[in-house]
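Colleague: Those sequence lines, one after another, are chains F and D. Residues in the first sequence are numbered from 1 upward in steps of one, following the working numbering. Residues in the second sequence are numbered from 205 upward in steps of one, following the working numbering.
There is no bait here: all hints are sound.
Simulated restraints, written as ranges between beta carbons of each label pair:
1. Leu-245/D - Thr-6/F: 52 to 58 Å
2. Tyr-258/D - Ile-77/F: 44 to 50 Å
3. Val-356/D - Gly-194/F: 47 to 53 Å
4. Phe-94/F - Thr-216/D: 30 to 36 Å
5. Leu-338/D - Ile-176/F: 21 to 27 Å
6. Ile-176/F - Asn-207/D: 52 to 58 Å
7. Ile-176/F - Ser-228/D: 44 to 50 Å
8. Thr-216/D - Ala-121/F: 23 to 29 Å
Treat the hints as calculated values from the structure; they're not laboratory data. We treat Cβ as the ideally placed atom computed from N, Cα and C, and that holds for glycine.
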Amino acid sequence: MAKKKTSLYREFVKGLWDDNPVLRMLLGLCPALAVTNSAINGLAMGMATTFVLLSSSIIISLLRKVIPHQVRIAGYIVIIATFVTVADKFLAAFLPEISKSLGPYVPLIVVNCLILGRQEAFSSKNNVGRSILDALGMGTGFIFVLVVLGGIREILGSATLFNLQILGDWFNPWMIMILPPGAFLTLGILIGLGNWLNERKVKV
Amino acid sequence: MNNTAKMIIVLTIITGLSGGILSSWDNITKPKIEYHRLQALKAAISEVLPQYDYYDELEAEGTTLYVGRIEDQNEPVGIAFTTQGSGFQGNISMMVGVDPSFNAITGLKVLEQVETPGLGTKIVTDPSNKSNPLWFPEQFVGVNLFPAITVVKNIKPSTKNEIQAISGATITSKAVVDIVNGNISRIKNLYQSTD
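One chain only, chain F, in its complex shape (with noise of 0.2 Å):
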C-alpha cells in the first residue's frame, strides 16, 4: 500500500479534537441540538450514539470485503437500525426516565449521519483494531461536545449541573437556553471557540 499508514494512537485522537464530529465536520447535529438541554440528557444521547457507532463498525468492518459494493448502503443501515433499536429498548427497560427524556430522539440515530458517514469513509476500508478505535474516539468526541454543550445549557437555563443546584436564587435562569434557540447559540459560540483556538495553534 503505497498511501503511509496513520498511527493507531491517531486513529482514536483525531476524533477528539482535529476531526471533531460535531466542532469540526459538524455531523450529527440533530441530536446535538436537540436533546442537550441538560448535561445528563446529552451524556445519555452522546452514550447510546456511542455504543450504535462502536457495534456497527465492529460488524461493518467484519464483513467489508462480504458486503457487494452496490448494496452496501442498505447492508449498513440494516446493521445500524438493529443496535439502534437494541439501544432503544435497553433504554426503555433499565433506563425509563432517561428513554422518556430523549423521547424519539434515539429512535433517531439511525439516520445520524455520523455513524452512516463513519461507516462508509472509515469502518468500510479499515480492519476491526483501527475501526474500534476511530468508533472510541468519534464517540468520545461526540459525547464530550454534547456533556459540554448540555451543560453551559443546564447551568444558564436551570441554574443546575448534573440536576444539582450550583447557581444560588440570586440568578433568574434564561429560560432562553433550554429552549431552541439556546441550542443554536451555544453551538455557534462552541463551533467558533474551537476554530479560534485551531487557529492559534497552527501560529505558534
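Fit chain D to the supplied structure of chain F, relying on the hints for placement.
Modeller: Positioned in the frame of chain F, the structure of chain D alone reads:
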C-alpha cells in the same frame, strides 16, 4: 457466483440475523418495559384518587376507567381515567380522578406534554414556586365539574369551579381545563352506563 445472487444472499442473511437478534432482545426487554408502564400507571392513579385498597378496570368504548374501591364497601372512592387533547405545542395527556357522583375532581396529573420549557411545563411542576411547585395541578383538587370549569387570570379563584392560569402560559392552562371540560360528560355517561 454472480454478483446479483451474492447481493440477494448477503442482504437476506443480514436482515434475517437482524430480525432474529431483535426478536430475542424484545423478548428480554418486553416484561421490563411493561412493568415500568404499569408502575407509572399505578403511581398516577394513586396520585389522583383518594386512599383506596384496590382498583377495578372498566373497559368501555376504547376508554379504560379505573375505579378505586375500599374493601367491603359498595360505593367506590373515585374514578380515574386518562384523557388527552391539544396543548400549546402538542398533545397533553393526563390522568384525572373524580368522585363517584362526578361532582368534583379528586386529583389531576399530567402524564405527557411537550409545552414550552419553563412556562407551559409548570402544569407538571413549577420550580420557580419554592413553597409549592405543584400549585397548578393541586388547584384542581375539589374543583366542581358542572357547570364547566373556567380559567381566571392574575386573580385568586373565587368560586368552586375556577382555576388560576399560569402567567406566561395562559393557552396551556386553558388547554388543560378544556381537555377536562370536553371529556367529562362522555366519561360520566360511560361510567353510568356500565355501572
